[in-house]
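Here are the chains, one letter per residue:
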Amino acid sequence: MKKGRVWKYGDDVNTDVIFPGKYTYSVLEPEEMARHALEDLDPDFARKVKPGDVIVAGRNFGCGSSREQAATCLKHAGVQAVIAKSFARIFFRNAINQGLPVLQSEEAVDSIATGEEIEIDFSSGKIKTKKGVFTFSPFPESVLGILEEGGLIPYTRKKLKGKK
Amino acid sequence: MGKTFSEKILGLKAGREVQAGEVVTVSPDRILSHDNSAAIIKEFKKLGVKSVKAPQKLVIILDHIVPASSEKYASNHKTIREFVAEQNIPNFFDVPNGICHQVFSENGFALPGKLILGADSHTTSYGAFGAFSAGIGRSEVASLWAVDETWLRVPETIRIEINGKLPSGVYAKDVILKIIGDEGADRANYKAVEFTGEAVKKFSLASRLVLTNMAAEMGAKNGYCEPDEKTIQWLGDRAKDDFNVVTSDPDAVFEAVLKHDIFSLEPQVACPHTVDNVKPISEVEGTGFHQALIGTCTNGRLEDLEVAAGILKGKKVHPQVRVLVIPASRQEYLKALKKGIIEILAEAGCIILNPGCGPCLGAHQGVLAPGEVALSTANRNFRGRMGSRESEIYLASPATVAASSIEGKIEDPRKFL
Ligand code: SF4
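Keeping their order, the protein sequence lines are chains W and E. Position one of the first sequence corresponds to residue 1 (this note's numbering), numbered consecutively onward. Position one of the second sequence corresponds to residue 1 (this note's numbering), numbered consecutively onward.
These are computed hints drawn from the structure, not numbers from a lab. Where a beta carbon is used, it is the ideal one built from N, C-alpha and C, also for glycine. Treat the hints loosely; a few may be bogus.
[Unchecked claim] Here are the computed lysine to any residue pairs in the SDA-like style, where the Cα-Cα straight-line distance is at most 25 angstroms:
hint, chain 1, residue 1, chain 2, residue 2
1, W, Lys158, E, Phe83
2, E, Lys313, E, Ser204
3, E, Lys72, W, Arg35
4, E, Lys202, E, Glu183
5, E, Lys45, W, Ile146
6, E, Lys78, W, Glu32
7, W, Lys158, E, Thr150
8, E, Lys45, E, Lys78
9, W, Lys159, E, Val24
10, E, Lys279, E, Ser168
11, E, Lys42, W, His76
12, E, Lys313, E, Lys338
13, E, Lys53, E, Thr150
14, W, Lys158, E, Lys50
15, E, Lys259, E, Gly2
16, E, Lys42, W, Gly162
17, E, Lys240, E, Asp94
18, E, Lys230, E, Asp261
19, E, Lys50, W, Glu29
20, E, Lys259, E, Gly184
21, E, Lys46, W, His76
22, E, Lys240, E, Gln56
23, E, Lys279, W, Gly10
24, W, Lys48, E, Glu390
[Unchecked claim] Partial selection, computed: residues in chain E whose CB lies under 7 angstroms from chain W:
hint, residue
25, Lys72
26, Gly137
27, Ser139
28, Ala363
29, Gly384
Work out the full structure: start from the sequences and follow the hints.
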């Protein structure tokens, strides 16, 4: 179980407001990316986010660009997970590949308020909120493997080493 | 039971029969990346392997910030050039060539039946030629460079039937904007979208590319148009490899079949700040703006420049607006030049920029100040995309952008025909 404070947003939070396009080729270090996280959606976020915080959002989170920095900047800002009603496809892959858990649960999203503290149990697939306990389908083996290694790069590296 | 094109292409790649919903491990035919190759190289180096497994599959095209506008971008380009030389990557297109999706297509890498993965969300474009093509992130590309395989979920397919004839002054861009407006920005999330119907058959390949390019804005994993004689003719001796046309069976199972009639379609405009916030031109006419952009991977081809020139010929752009014209590639630029189109546009007062992405992603060549409004032929109008987060972007067809440029406010292009 991991506790986290919630930042709640609406539907269609796109990659340009998560990590502006103008930085995609100039801001290269993850720590610096984190300083621009959600800059065009919520200028307060990057200053006030604390390790372990959780982003909760509506439908189609992460739509738009394939830029992986959208996941990287959240991960390095200390976000432990994103819970949304649904995710855009490339963002979903990128988040897993960056070792950032993305959880889908419509009911949980509807019941959670901004600023509230919630608990997430990744192994059993449960989200505990003020209004009750909600479930999300646990990750398949392969995805868990990537998350546990902290992303696709360390995961592939390990796999390649094993082969040698 | 029949199969969709997605099931067939991914089945061929996986070496077995597959159905929508299954996860397959596949090795792509081509892997695209652009300026983000610098970041991919950085990830690749962390993997502990020395060389790219299948260098001949990589296609690297510099287009996003070309020529480099700062030391940082210049260093990225330099890193990429050095890597290309060191790894013997045969298909490298340096800064003079143009936007990755156009350059990739016109050089014959986008072929029917192929599996193409690219580090760009508009990789969906190549479905216009009957390929299965999808965008992925940079860690995945780095990993693909090293191991040459990845997993994909076989998508369900939504078929969109477009019927009717385009009214005059209305274009493929208006059709796709209308569809996205009606269906919503996440209607096709994780899905394949197959565009079909008599209208699509009549469309040029350039117009089909507008549809598959913008399928990404409905959340689609990939877009697709069935290859026909026009496709084969277009590919002609461009095709880099042999290919087989793969099509959906008549009895394939589609998740949905959506019908859109375009008989009486009006020009459409996507309003700030989402692509599905679409209105008919009559509702936004008169809206003022500061900068217009005719270009991008959506609408920067010869046919688009030609339409714009048809409207701007002998006219002047409004003194209070800046009009940027960016041909999608050097090949398209040259064709437009030879036809006198560039001259017409320049005489009208347009600023002609070198082929590339230009200000589409807000990094250089005409970014927006706070409070400014842009009218663009691009595919995305998210907040802050072209510069300040206090700016706004409207999306429309090249005809609408050209007509509006004369008036200095959003104008119906049909008045100029
Ligand atoms: S023109 Fe715009 S949308 Fe197209 S590849 Fe370039 S930045 Fe992306």
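Determine which of the earlier numbered hints do not hold for this structure and return their numbers in increasing order.
-> none
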